[in-house]
Structure formats: structure tokens, C-alpha cells
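Peer 1: So the chains spell out like this:
2 protein chains.
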Amino acid sequence: MSELADYCRETAERARRAARDLAVVKGQVKIDWLRRAATAIHAKKAELAAANEKDLAAAPDFGLTDAQVDRLRLTDDRLESIAAALEQVALLPDPVGSVRESTIRPNGLVVNKVGVPLGVVFFIYESRPNVTADAAALCVKSGNAVVLRGGKEAFHSNTALHALLADELEASGLPRDAVQLVSTTDRAAVGEFLGLSDLIDVTIPRGGKGLIERVAAEATMPVIKHFDGICHVYVDRAADLDMAVAIAVNAKCQRTGVCNATETLLVHREVAGTFLPRVAKEYAAAGCELRGCERTREILPDVKPATDEDFHTEYLDLILSVRVVDDLEQAIDHVEQYGSHHTDAILTNDLAASERFTAAVDSAAVMVNASTRFNDGEEFGLGAEIGISTDRFHARGPCGLRELTSYKYVVHGSGQTK
Amino acid sequence: MSELADYCRETAERARRAARDLAVVKGQVKIDWLRRAATAIHAKKAELAAANEKDLAAAPDFGLTDAQVDRLRLTDDRLESIAAALEQVALLPDPVGSVRESTIRPNGLVVNKVGVPLGVVFFIYESRPNVTADAAALCVKSGNAVVLRGGKEAFHSNTALHALLADELEASGLPRDAVQLVSTTDRAAVGEFLGLSDLIDVTIPRGGKGLIERVAAEATMPVIKHFDGICHVYVDRAADLDMAVAIAVNAKCQRTGVCNATETLLVHREVAGTFLPRVAKEYAAAGCELRGCERTREILPDVKPATDEDFHTEYLDLILSVRVVDDLEQAIDHVEQYGSHHTDAILTNDLAASERFTAAVDSAAVMVNASTRFNDGEEFGLGAEIGISTDRFHARGPCGLRELTSYKYVVHGSGQTK
Numbered sequence: 001m002s003e004l005a006d007y008c009r010e011t012a013e014r015a016r017r018a019a020r021d022l023a024v025v026k027g028q029v030k031i032d033w034l035r036r037a038a039t040a041i042h043a044k045k046a047e048l049a050a051a052n053e054k055d056l057a058a059a060p061d062f063g064l065t066d067a068q069v070d071r072l073r074l075t076d077d078r079l080e081s082i083a084a085a086l087e088q089v090a091l092l093p094d095p096v097g098s099v100r101e102s103t104i105r106p107n108g109l110v111v112n113k114v115g116v117p118l119g120v121v122f123f124i125y126e127s128r129p130n131v132t133a134d135a136a137a138l139c140v141k142s143g144n145a146v147v148l149r150g151g152k153e154a155f156h157s158n159t160a161l162h163a164l165l166a167d168e169l170e171a172s173g174l175p176r177d178a179v180q181l182v183s184t185t186d187r188a189a190v191g192e193f194l195g196l197s198d199l200i201d202v203t204i205p206r207g208g209k210g211l212i213e214r215v216a217a218e219a220t221m222p223v224i225k226h227f228d229g230i231c232h233v234y235v236d237r238a239a240d241l242d243m244a245v246a247i248a249v250n251a252k253c254q255r256t257g258v259c260n261a262t263e264t265l266l267v268h269r270e271v272a273g274t275f276l277p278r279v280a281k282e283y284a285a286a287g288c289e290l291r292g293c294e295r296t297r298e299i300l301p302d303v304k305p306a307t308d309e310d311f312h313t314e315y316l317d318l319i320l321s322v323r324v325v326d327d328l329e330q331a332i333d334h335v336e337q338y339g340s341h342h343t344d345a346i347l348t349n350d351l352a353a354s355e356r357f358t359a360a361v362d363s364a365a366v367m368v369n370a371s372t373r374f375n376d377g378e379e380f381g382l383g384a385e386i387g388i389s390t391d392r393f394h395a396r397g398p399c400g401l402r403e404l405t406s407y408k409y410v411v412h413g414s415g416q417t418k
Numbered sequence: 419m420s421e422l423a424d425y426c427r428e429t430a431e432r433a434r435r436a437a438r439d440l441a442v443v444k445g446q447v448k449i450d451w452l453r454r455a456a457t458a459i460h461a462k463k464a465e466l467a468a469a470n471e472k473d474l475a476a477a478p479d480f481g482l483t484d485a486q487v488d489r490l491r492l493t494d495d496r497l498e499s500i501a502a503a504l505e506q507v508a509l510l511p512d513p514v515g516s517v518r519e520s521t522i523r524p525n526g527l528v529v530n531k532v533g534v535p536l537g538v539v540f541f542i543y544e545s546r547p548n549v550t551a552d553a554a555a556l557c558v559k560s561g562n563a564v565v566l567r568g569g570k571e572a573f574h575s576n577t578a579l580h581a582l583l584a585d586e587l588e589a590s591g592l593p594r595d596a597v598q599l600v601s602t603t604d605r606a607a608v609g610e611f612l613g614l615s616d617l618i619d620v621t622i623p624r625g626g627k628g629l630i631e632r633v634a635a636e637a638t639m640p641v642i643k644h645f646d647g648i649c650h651v652y653v654d655r656a657a658d659l660d661m662a663v664a665i666a667v668n669a670k671c672q673r674t675g676v677c678n679a680t681e682t683l684l685v686h687r688e689v690a691g692t693f694l695p696r697v698a699k700e701y702a703a704a705g706c707e708l709r710g711c712e713r714t715r716e717i718l719p720d721v722k723p724a725t726d727e728d729f730h731t732e733y734l735d736l737i738l739s740v741r742v743v744d745d746l747e748q749a750i751d752h753v754e755q756y757g758s759h760h761t762d763a764i765l766t767n768d769l770a771a772s773e774r775f776t777a778a779v780d781s782a783a784v785m786v787n788a789s790t791r792f793n794d795g796e797e798f799g800l801g802a803e804i805g806i807s808t809d810r811f812h813a814r815g816p817c818g819l820r821e822l823t824s825y826k827y828v829v830h831g832s833g834q835t836k
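Residue numbers (the working numbering), protein chains in the order written: chain A, 1 to 418; chain B, 419 to 836.
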């Protein structure tokens with residue numbers, strides 16, 4: 001075995017041992033750690049900023065764009081937000097040990113389904129250093145050990161944050177190895193970890209599609225994947241058009257670079273003539289480019305034509321595809337054919353249409369009369385999230401503490417035999 | 419692409435289309451199908467038995483043991499049981515479409531977590547033909563299409579059962595392709611299906627360890643695995659020894675060839691002198707061979723020595739490893755080191771010991787004062803099961819209808835924007 005392979009295996013073995021301790025620790029110890037870590041971030045802002053400066057100074061070497069450099073920067077406010085996020089995770093209910101379901105069998109057996117950690121999480125992410133603290137907080141709170149693999153652009157920031165988190169683990173009486181940061185930026189390390197299915201229970205990649213595809217192909221353990229969000233808003237013929245304008249604009253423009261932003265607007269032909277000119281004015285005011293189907297362009301002649309490719313595209317930008325559809329069924333078929341099963345909304349006051357859309361559209365979140373932007377762990381009441389799964393297996397949609405756990409059956413009897 | 423590859427892809431594509439229809443069908447239609455199929459089994463017993471005769475006649479060519487031939491045989495009683503199992507699945511609550519959790523957010527959004535099918539299941543199994551009907555029933559009831567791959571020894575029986583099930587699907591207005599049987603016994607077909615992650619959502623192999631390992635290694639989609647059950651009964655110093663004798667004998671001897679049968683008995687040293695001679699007498703009466711550690715053999719000198727290998731072995735036979743342990747912690751360590759995290763029991767009247775054991779032992783089922791034999795979907799109140807998962811991800815322990823489903827969030831608003 002190579003030195004790198006040895007390093008990766010030893011790291012994962014340490015995580016596995018830490019996970020065993022962490023699984024049976026009292027919730028208060030984890031809460032103490034989160035609060036201590038928040039306090040330490042306040043106390044060590046200067047050190048963290050200094051480490052961040054090294055990354056910022058090296059950013060041009062990595063060819064980062066201005067937007068990427070901005071995301072990398074740890075301002076005073078952002079450090080406060082990181083600390084606040086830790087405090088918030090401390091307040092969330094502990095998913096480990098509580099009874100999720102309970103049945104008493106006719107023979108008197110009490111069958112309880114009890115939350116348990118998944119074990120060891122391998123978490124791969126890209127530039128933003130706040131993710132280091134967020135992911136560590138969610139994993140430890142759910143009783144999991146985590147091996148963090150951050151982007152090379154944020155290496156110094158991540159290292160400083162990780163040292164702080166690990167020091168506070170020790171200070172709280174928790175195993176330091178519960179949160180480890182991969183100390184090499186060698187890309188081959190990812191491949192090594194992905195081969196360790198005997199030690200790592202789940203891999204969570206957060207980043208571009210290329211990263212996630214590579215991880216899914218190479219991983220020998222389960223992966224919680226977060227692919228693209230080609231999200232739709234369908235304006236039904238029975239929509240309240242004032243509401244529809246507000247939601248359609250919000251879903252596209254409130255923030256564009258996120259997976260739950262809408263990429264395609266579908267409009268029932270009976271309301272297209274009234275609705276499209278109104279909403280187009282708002283999009284123009286927001287600086288949003290429209291690309292329309294032929295029927296859209298009959299109503300809005302200045303709009304560029306949309307190609308088939310456009311309807312398959314996650315723009316993550318101020319661009320929107322627009323299509324006029326014949327009816328609800330055509331809208332559903334469009335979502336099935338072009339969508340990514342992430343988040344799709346129907347705007348309507350027609351109960352039967354709402355029921356048909358929510359039953360037939362098989363997406364992680366299906367919204368009625370609300371913006372697609374609400375598909376989010378915090379908005380759904382799950383607390384903070386580690387990502388939004390586009391899988392169907394284990395976790396779908398926002399992944400919070402619960403999705404980082406499994407369960408076991410604890411059965412109490414009084415001498416039952418079969 | 420080869421002809422075989424074409425065949426497999428087309429089969430999976432048909433299943434995918436059927437799954438889309440099946441996902442939105444009313445529960446009553448699925449119930450009707452299950453009842454019609456049960457009636458048809460009663461009506462076609464002679465045909466089914468004739469098909470089974472062909473398999474039985476060919477059994478010597480496959481080198482089946484007497485026990486295997488017995489499992490292959492479709493007697494009148496067994497056909498009645500298959501029909502009865504279909505009737506039972508009909509009675510289970512439908513896992514699709516019901517709200518599992520519901521939250522109202524401060525902004526008025528109603529966030530419902532709703533059960534949905536996984537999609538397409540690829541189910542691989544070995545000789546017993548009743549599994550054809552059981553698996554089809556559970557998959558369709560949970561809204562999934564299924565591609566069945568049975569053992570070559572049961573090919574004629576499976577073909578006859580499948581034809582009946584598919585005919586009744588059509589008669590009930592359901593897509594015939596919702597249940598398909600792989601029509602070739604070519605082993606390469608399994609490999610082809612395992613590569614179709616774009617069409618198949620989950621693979622469930624049921625059979626020997628070799629089959630499951632091969633499937634887990636080759637599959638490109640999630641797999642629900644069912645590995646071995648090295649299950650333990652630990653008799654604590656605070657156990658009721660009468661109860662302990664009854665449970666220890668039941669857990670080993672009631673049925674030996676099953677995964678939840680106990681393979682190792684751990685006994686606290688303080689009660690070993692009293693307990694072991696008593697239980698040994700019962701095991702002798704049941705024809706069960708004991709293999710003991712040194713301390714066991716001091717108490718029971720006629721017992722053969724147990725090797726380290728014994729403690730790692732799933733006998734599936736009337737053989738039991740026995741070890742005397744110093745205390746609860748040594749019992750927990752033994753279970754962790756040698757067990758397969760399937761089912762482990764503590765027998766005790768000591769509350770603290772019971773709490774420590776159930777918290778520290780990380781197995782799919784942890785029993786207190788009950789036989790390990792109860793780790794079973796029906797005994798846990800899940801209804802029929804498609805297997806017992808030894809995974810931590812998605813499904814752990816008995817897999818019933820619920821474990822064959824995923825969920826989506828259906829969110830109702832009244833114009834909310836972010």
C-alpha cells in the first residue's frame with residue numbers, strides 16, 4: 001500500500017473508533033461542544049481571518065473568479081454567522097436514541113424503532129469554508145464521525161477552523177477524531193477514501209455535477225447525491241394571476257445560483273395572453289432574460305426562441321425558459337421529460353388540478369401556490385441541512401439531522417419464545 | 419449491444435413505464451389484483467403443480483439436495499399458503515400517498531412528507547417458488563414495478579406463477595409489465611440488469627452470501643443486502659434462569675436454518691455454574707451440539723472446545739458456540755467483535771444492564787428478555803417482509819412495504835414567496 005493509502009485508511013479507522021464512542025454519548029456533551037466551538041470562533045476571529053488571508057492571497061493562482069473569491073472570504077459577519085449556525089444546531093432535537101415508532105404486539109413484545117447514527121461520513125465539498133463548521137456540527141450532533149475533504153482553495157481557512165473544532169471536541173470530552181480534515185490536497189486521496197466501504201458508511205459530495213458524478217461512479221459505499229435542479233413553475237388556467245406573477249418572479253430571481261431556483265415557466269394557453277405580458281414586465285425590471293417557445297413568442301415577440309437544449313438547462317442565472325402548454329397534462333409531461341425531479345410548483349385555485357399535479361409529479365418537493373425557493377431544510381422545519389438529495393433511496397430532498405441517521409429495533413419482552 | 423443486453427434493457431424500460439402508471443393507481447386496484455391472483459392460484463392448482471413437476475423431474479440434473487428438492491416442491495398446502503399470503507398483503511395499509519409527517523411553518527406553508535414508490539425493483543432469488551408471488555405482491559402493493567430473477571431450478575414453477583400473476587394484472591386494469599420474470603436462465607443477464615442504474619431504482623438479492631456479494635460488487639444502483647446473522651443471546655448475572663433456559667433453547671433450536679437463529683450463547687460467570695448444566699441438558703434433548711470456551715468446559719467437561727473460527731460462524735444448524743464472560747462489557751465487546759449486527763439479545767432483570775446493552779449493541783434488532791427469533795417483519799407488525807436488511811442505509815432489519823417506498827414533500831401554500 002502506498003503512503004497515501006495508509007494515511008487514508010488510518011484516518012478512516014480513527015473515525016470509525018470515534019464513531020463508536022460518539023454513538024453512545026449524552027446529547028448534552030454534543031451541545032456543550034457546539035457552544036464551546038461557537039464561543040471559540042468569536043474569540044479567535046483574528047486567527048481565522050489571518051488563515052483566510054492566506055487563501056485569499058493564493059486565490060489568483062487557482063484562477064478563482066471574483067464571485068468565487070467572494071465566497072471564500074471570511075468576513076467578520078460571516079464568522080459570526082458560522083458561530084450562530086453552531087448555536088442553532090445545538091438547539092435542534094437530538095436524533096439519536098429517541099423512539100420514532102413503537103408497537104405493542106399481541107404477545108406483549110414492545111417493538112421500538114430507535115434512531116442511531118449512520119456511523120462515519122465522508123464529506124466532500126468545494127470552496128466555502130463555512131461548510132467545514134456546518135458539516136462537522138450536523139454530523140457530530142447526529143452522532144456520526146466525519147472525514148472532511150474541503151477544496152484546495154480554502155485549505156488554510158479549513159485547517160484553522162478544523163483545529164478549533166477538534167480542540168473543542170477534546171475540551172468537551174469527545175474524541176478528537178470525530179471530526180477530521182484530510183490533510184493533503186492530493187486528488188487521489190478522494191479515490192482512496194471512496195474505496196473504504198468497510199470503514200465509511202456514507203459519502204456526501206457537495207459541489208458541481210462533475211464531482212458528484214465522479215464520486216457516485218467510484219464510491220463503494222452509499223452516496224447521498226445532490227444533482228441539478230431544473231425546477232418548474234406551472235401557471236394553471238385557474239391560477240390567481242397576481243399571486244402567479246409574484247411567485248414566478250420570486251422563484252426565478254430572488255437568488256439565481258441555487259438549486260431550487262426555477263429555470264422554466266410553463267403557462268396554460270388560456271391565461272398566457274394575459275399573464276405573459278404582465279410577468280414579462282417584471283422579469284425585464286429584474287434584468288431576467290426570457291427564452292420562449294413559439295407560442296410564447298406570438299405573445300411576446302421580442303423574446304428569444306428557446307431551444308430544446310434550453311429546456312434541459314439549469315441556468316443558475318437570470319435566464320428563464322418559457323413554454324405555453326395546452327393543459328395540465330402537457331405541463332406534467334414537460335416536467336417529467338425535462339425536469340430533474342428536484343422542485344416543481346403548480347399555481348392554481350383548482351383543487352382537482354392541484355391534486356393531479358402533486359400526485360403525478362414525482363419530484364423531491366412539489367409545491368402548490370408557493371415559490372420553489374422554499375425547498376430547503378430550514379424552510380421545511382428540519383433545521384440546518386447538509387444538502388438536498390436528488391436520490392430516492394434513504395433520503396430525498398433536504399437532508400438534516402434525521403437523514404444523517406439510521407435506526408435499530410429495540411424489543412422488550414418478558415420471556416417470549418417462538 | 420448484444421441480444422441479451424437488448425432484452426434486459428427493454429425489460430427494464432417496460433418496467434419503468436409500468437412503474438409510472440402504478441405509482442398513481444388507486445389502492446383498491448392493487449387489492450383487486452392481489453385477490454384475483456389468490457383466486458386464480460386456487461383455480462389453477464393442477465396447472466401449477468404440473469409445471470412444478472417439470473422442475474422436480476429436472477432437480478437431479480441440478481444436483482439439488484433432498485432439502486432443496488423439498489423446498490422446491492409446490493404441494494397443495496403450499497399453494498394454499500401462497501394464495502393466503504396474497505390475501506394478507508391485500509389487507510396491509512397502502513404505503514403510497516399517505517402523509518407520514520406534517521408540519522405547518524410559521525409562514526403558513528403546510529409541509530407534508532408523503533410516501534411514494536421507489537420505482538423499479540430488480541429482485542433476485544433462489545429456489546423457493548413461493549417467493550415469486552410474495553415478492554410480486556409486496557412490490558406491486560408498494561407501487562413498484564418488479565423484474566424477478568428466480569433460480570433456474572424453479573424455472574417452470576416460476577414461469578407458471580408469473581403468467582398467472584401477469585394475466586391477473588391485465589384483468590385488473592394494471593400494466594402487465596408491472597411484474598416481469600426474466601425469461602432466460604443465462605447468468606450474464608444478472609450482470610446486464612445490475613448495470614441499468616438509469617432504469618432500476620434498487621436491487622434486492624435474496625440467497626447465499628456469494629450471490630449477495632457478487633450483486634453488491636456489480637450493482638450500479640442501491641442494493642438492499644441481507645448478509646449473515648451471527649446472533650447472540652447473553653445471559654446476564656441478573657437473568658431469570660428459568661426464562662433464560664427457555665429463551666436460549668428457543669433462540670437456537672426452534673428453527674436452525676434461518677438468519678435470526680442464535681449461534682452463540684454468552685453467559686455471565688456468576689451464573690454460569692448454575693445455568694450451563696441446566697441449559698446443556700435441554701440442548702442435549704434437542705440434539706444440539708455445544709462448542710465451548712475453556713471456562714464453559716470447566717463446567718461442562720464433555721463439551722468440545724470452541725475455536726475463534728466457531729465464534730465467527732453462522733452454523734444454521736444444531737450447533738451452538740458457548741462462552742463464559744466476565745461481565746456485561748465483555749459480552750458487548752464479544753458481540754461487537756464477532757457478531758454480524760443482525761439480532762442480539764440480553765436476558766436480565768437489571769434495568770441498567772438492559773439499558774447499557776440496548777444502547778451499546780449496534781444491531782438491526784436488540785432484544786431484551788425475548789428470543790432472537792422474533793426479528794421478523796410479521797413479528798414486528800410490519801406485515802410480510804421481502805427480506806431482513808443488514809445495511810444501515812435506507813432500510814435496516816425487516817423490510818416490509820414501507821421499506822419498499824421513498825417519499826416526497828408536498829407543500830401547500832397560499833402565495834408564499836421568499
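Since the hints were made in silico from the structure, they are not lab data.
No residue lacks a Cβ here, since even glycine has one placed at the ideal position from N, Cα and C.
A portion of the hints provided could be inaccurate.
Think about it this way: if two alpha-carbon atoms lie no more than 25 Å apart in a straight line, the pair counts; the simulated DMTMM-like pairs of lysine to aspartate or glutamate are [stated by the list, open to error]:
#: 1; chain 1: A; residue 1: LYS418; chain 2: B; residue 2: GLU773
#: 2; chain 1: A; residue 1: LYS418; chain 2: B; residue 2: GLU636
#: 3; chain 1: A; residue 1: LYS418; chain 2: B; residue 2: ASP735
#: 4; chain 1: B; residue 1: LYS836; chain 2: A; residue 2: GLU80
#: 5; chain 1: B; residue 1: LYS531; chain 2: B; residue 2: GLU498
#: 6; chain 1: A; residue 1: LYS113; chain 2: B; residue 2: ASP488
#: 7; chain 1: B; residue 1: LYS531; chain 2: A; residue 2: ASP94
#: 8; chain 1: A; residue 1: LYS113; chain 2: B; residue 2: ASP794
#: 9; chain 1: B; residue 1: LYS531; chain 2: A; residue 2: ASP350
#: 10; chain 1: B; residue 1: LYS531; chain 2: A; residue 2: GLU80
#: 11; chain 1: B; residue 1: LYS531; chain 2: A; residue 2: ASP333
#: 12; chain 1: A; residue 1: LYS113; chain 2: B; residue 2: ASP735
#: 13; chain 1: B; residue 1: LYS836; chain 2: A; residue 2: ASP94
#: 14; chain 1: A; residue 1: LYS209; chain 2: B; residue 2: GLU636
#: 15; chain 1: A; residue 1: LYS26; chain 2: B; residue 2: ASP794
#: 16; chain 1: A; residue 1: LYS418; chain 2: B; residue 2: GLU465
#: 17; chain 1: B; residue 1: LYS836; chain 2: A; residue 2: ASP317
#: 18; chain 1: B; residue 1: LYS531; chain 2: A; residue 2: ASP228
#: 19; chain 1: A; residue 1: LYS418; chain 2: B; residue 2: GLU707
#: 20; chain 1: B; residue 1: LYS444; chain 2: A; residue 2: GLU378
#: 21; chain 1: B; residue 1: LYS462; chain 2: B; residue 2: GLU421
#: 22; chain 1: A; residue 1: LYS418; chain 2: B; residue 2: ASP660
#: 23; chain 1: B; residue 1: LYS444; chain 2: A; residue 2: GLU80
#: 24; chain 1: A; residue 1: LYS113; chain 2: B; residue 2: ASP512
#: 25; chain 1: A; residue 1: LYS418; chain 2: B; residue 2: GLU519
#: 26; chain 1: A; residue 1: LYS113; chain 2: B; residue 2: ASP646
#: 27; chain 1: A; residue 1: LYS209; chain 2: B; residue 2: ASP616
#: 28; chain 1: B; residue 1: LYS531; chain 2: A; residue 2: ASP317
#: 29; chain 1: B; residue 1: LYS444; chain 2: A; residue 2: GLU336
#: 30; chain 1: B; residue 1: LYS836; chain 2: A; residue 2: GLU101
Some chain B residues flagged as far from chain A (calculated, every beta-carbon gap over 10 Å) [to be verified]:
#: 31; residue: THR521
#: 32; residue: ARG523
#: 33; residue: ASN668
#: 34; residue: GLU707
#: 35; residue: LEU736
#: 36; residue: PHE798
#: 37; residue: ARG810
#: 38; residue: GLY831
Peer 1: For each hint given before, does the structure comply? Return the numbers of the non-compliant ones in rising order.
Peer 2: 2, 5, 6, 10, 12, 13, 15, 16, 20, 21, 23, 25, 28, 30, 31, 32, 33, 36, 37 and 38
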